[in-house]
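Q: Here are the chains, one letter per residue:
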Amino acid sequence: MVLAIQGRHGPVIHALSACAVQRGIAWGARVVDVQAIHPDLHVEQADPQGDVALLDRVAQWARRWCPWTVRDGTSGIVMDVTGAAHLFGGERAMLRDMAVRFRMQGLSARLALAPTRGAARMLARHGAGQVICGPQDLEVALAPLPVAALRLEEDTVRLLTRLGLKTLGALMQVPRVALMRRFDRLAGDINPLVLLDRALGRQSDPLNAPAEVPRWLVRARLAEPVIDPVPHLDALASDLCAQLARAERGARRLRLTIYRVDGEWRSRDVALAQASRDPAHLLRLLSGKTEGIDPGFGFDLLTLEALAVEPLALHQDRLDGQRDAGRDVAALLDRLAARLGPGKVTWSNWVESHLPERVEAQVPALGSIMREAPVLMRERPLRLLVQPEEIAVLYAVPEGPPARFRWRRVAYLTARHEGPERIAPEWWRDRPGTRLRDYYKVEVTDGRRFWLFREGILGDGRGGDPHWFLHGIFP
Amino acid sequence: MPPDSPLGQVIALSDKHLIQPVAAPGKAGAADAAVLRDVLAGGPFDAAVTGFVLAALPDSTDPVLWVSDRMARRENGQLYGPALRGFGVRAPILRVEVNHPRDVLWTMEEAAGCAGLSAVVGEIHGAPEVLSFTATKRLALRAEAAKVPIWLIRSGDHGALSAARERWRLHSLPSARHLWNPQAPGDPRWEADLFRARGRAPGVWEASCDPRAAGRADRLCLVPRSGDGPMAQDHGAAAQFAGG
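Chain order of the listed sequences is R and Y. When we follow our numbering, the leftmost residue of the first sequence carries the number 2, and every step to the right adds one. When we follow our numbering, the leftmost residue of the second sequence carries the number 31, and every step to the right adds one.
It is worth saying that the hints were derived from the structure and are not from the lab. Ideal placement from N, C-alpha and C gives every residue a C-beta, glycine not left out. Among these hints, one or two may not hold up.
[Unchecked claim] These stretches of chain R come out as covered by chain Y in the derived footprint (C-beta under 8 Å, 3 or more residues):
(1) 8-16
(2) 65-78
(3) 352-365
(4) 379-385
[Stated by the list, open to error] Straight line, CA to CA, 16 Å or less: simulated EDC-like cross-link-like pairs of lysine to aspartate or glutamate:
(5) Y:Lys177 <-> Y:Glu139
(6) R:Lys290 <-> R:Asp270
(7) R:Lys167 <-> R:Glu155
(8) Y:Lys177 <-> R:Asp329
(9) R:Lys345 <-> Y:Asp89
(10) Y:Lys167 <-> Y:Glu139
Please model the entire structure based on the sequences and the hints provided.
A: See below:
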């Protein structure tokens with residue numbers, strides 16, 4: 002079986018099983034070629050992101066041996082076991098423990114222990130397996146490894162191979178000055194001299210392990226199995242909220258899990274619209290969820306975990322007992338933007354323009370402040386159509402708006418009108434040839450008031466007969 | 031003294047001759063200000079609803095949340111911000127533009143709990159499934175719990191079931207006479223029909239809004255419509271002039 006990944010010219014082999022290796026399939030070969038030779042080959046799509054996520058979790062799990070543990074590239078874990086080996090009965094015993102535990106997880110691991118991080122990495126990938134290398138025999142152990150073990154770029158490897166430097170031993174023999182002069186343009190993490198120095202311990206290569214992800218988890222262990230989780234929820238919720246309060250956080254998502262005596266577990270999730278660490282609130286949410294949970298023959302362990310937390314600082318209410326109104330609005334903005342998308346929640350921004358549709362622009366309310374509306378000299382409609390809609394003129398009069406017109410399949414009879422208000426195109430912004438607009442406020446017989454405009458005038462040399470549009474609706 | 035008008039001299043009637051304007055809805059001070067109110071558009075493309083709601087908004091500088099679904103924006107156009115100052119609205123408008131009525135209802139429910147808003151206005155076109163009696167009941171309870179007035183503008187809907195505490199239906203009426211130009215439409219007039227209300231009597235009013243009264247509490251003026259239409263209209267005009 003092989004795993005395939007999309008290459009430059011179709012799928013290529015990304016990973017192989019032991020059986021595939023035995024049959025002589027090479028890493029990086031094209032899948033179609035290999036399938037021609039081995040028709041019974043089983044090909045699956047690789048999932049690099051999933052691999053990395055799994056490796057991250059395994060790296061967290063590997064902190065059972067030492068705290069400084071970090072994922073190395075896409076296929077390794079580096080652990081700084083300085084001062085940790087004696088807890089497991091020495092280095093050899095610890096390596097054995099690691100091998101056993103990885104095998105118990107169903108993972109095959111190649112282990113190496115070396116004084117430096119680079120050396121351990123190379124020995125694990127290219128060494129004989131389960132190598133323990135002391136500080137004295139570091140150079141001896143590294144000497145037979147290929148230069149590619151340094152994790153150089155392909156060009157560099159090719160260059161070194163052409164120069165006859167195929168092993169690290171050969172590279173170590175070359176005077177430093179020559180290497181330095183040859184590779185002085187390469188950055189530190191792909192420079193063979195720097196990498197070699199790091200592997201040999203001549204240059205420091207510290208390990209930067211990410212901080213442990215805190216888990217907001219409280220447990221209730223029960224002396225004997227029970228059926229009903231409700232009496233224990235109160236204590237769980239207050240414990241969790243106390244934890245969250247110490248870290249100034251609030252929970253956004255909760256999971257209640259019961260571990261049943263028959264080895265099964267059941268869980269219920271609760272989501273919160275707003276970060277909270279109010280035990281009563283959490284309790285209210287949780288108690289609605291416990292009915293459908295199947296306790297089986299009872300359970301003896303309950304956990305309550307906050308899956309997602311958000312910063313939630315303490316906030317003092319005002320002395321008169323009123324809550325801060327602006328803060329409420331900010332919190333509301335957060336919630337609306339989180340659910341609907343930041344572009345949907347907007348303040349108005351004002352643009353200096355004569356054209357009605359350009360005056361107002363919407364800006365996302367998160368990260369901008371509201372601005373005072375301008376005072377317009379002219380009356381404007383309360384509602385503006387998204388696009389001006391063309392109306393059919395049924396009965397035109399020489400001056401003024403049409404006496405009868407049809408808009409959206411309804412005919413209207415003009416009773417009164419006011420206008421025109423001429424708005425010329427903005428020559429510094431509009432395309433040449435844009436026509437001017439004459440706006441009229443028109444009241445039809447049943448009392449509705451519309452804002453019509455005629456685009457252009459007859460004989461302005463910018464098109465044929467002017468058209469009429471409806472642009473807004475007055476109250 | 032009332033100013034001269036094209037109608038000639040205006041006789042200032044004493045209060046007992048005038049039909050008293052009814053307290054406008056949604057005013058601060060009223061105990062039941064923060065309730066859910068439905069406003070139905072009497073006809074298609076009628077902006078009377080928008081004008082009525084804007085005129086009835088509490089006069090405050092706290093923002094108003096205005097949420098609309100896609101159909102409402104497409105049918106009736108979108109709220110035009112530059113006109114609001116001229117209409118006497120000082121509150122900045124926080125615009126939420128969503129596609130589905132479901133999101134409108136969700137946003138209104140979220141916003142109803144926010145004390146920093148002066149009002150919440152939602153626009154839904156048509157009578158979608160999600161705008162059920164239960165949904166409006168939830169909104170109504172929210173509004174009363176949170177003390178934020180909620181207005182629900184329903185266009186293209188002929189009075190589906192709703193739990194709103196007040197239900198209005200708005201028509202545009204021919205506008206008032208323009209002060210200087212008899213050919214031009216003047217200040218807007220609407221027929222406001224309160225056809226269902228809790229705690230007050232339903233009725234039909236002729237509503238008008240004085241845009242020049244920005245900052246005053248009684249921007250919206252409701253004058254009862256008697257059976258005698260033109261007479262009531264005259265009373266309304268007289269009240270306007272006497273007040274203005």
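Q: Need the status of pair lysine 167 of chain R, glutamate 155 of chain R: alpha-carbon distance at most 16 Å?
A: 13 Å, holds
Q: Confirm or reject the coverage of the stretch 8-16 of chain R by chain Y under the rule of 3 or more residues with a beta carbon closer than 8 Å to the chain's beta carbons.
A: violated (count 0)
Q: Tell me if chain Y covers the stretch 352-365 of chain R under the three-residue, 8 Å CB rule, please?
A: As far as the stretch 352-365 of chain R goes, the hint holds, because 4 residues have Cβ atoms under 8 Å from chain Y.
Q: Quick check: the stretch 379-385 of chain R, covered by chain Y? Criterion 3+ residues, Cβ under 8 Å.
A: holds (count 6)
Q: For a C-alpha distance cap of 16 Å, please report whether lysine 290 of chain R and aspartate 270 of chain R respect it.
A: 8 Å, holds
Q: Checking one constraint from the list: CA of lysine 167 of chain Y to CA of glutamate 139 of chain Y, max 16 Å. Satisfied?
A: At roughly 11 Å apart (the allowed maximum being 16 Å), glutamate 139 of chain Y and lysine 167 of chain Y satisfy the hint.
Q: Does aspartate 329 of chain R sit within 16 Å of lysine 177 of chain Y, going by the straight-line distance between their CA atoms?
A: 14 Å, holds
Q: Could you grab the alpha-carbon distance between lysine 177 of chain Y and glutamate 139 of chain Y and see if it respects the 16 Å cut-off?
A: Roughly 13 Å between the alpha carbons, so the hint for lysine 177 of chain Y and glutamate 139 of chain Y holds.
Q: Taking only the CA atoms, is the gap from lysine 345 of chain R to aspartate 89 of chain Y under or equal to 16 Å?
A: 26 Å, violated
Q: With a C-beta cutoff of 8 Å, work out whether three or more residues of the stretch 65-78 of chain R approach chain Y closely enough for the coverage to hold.
A: Coverage by chain Y is violated here, the residue count being 0 at a Cβ distance below 8 Å.
Hint violations for this structure: numbers 1, 2 and 9, all remaining hints satisfied.
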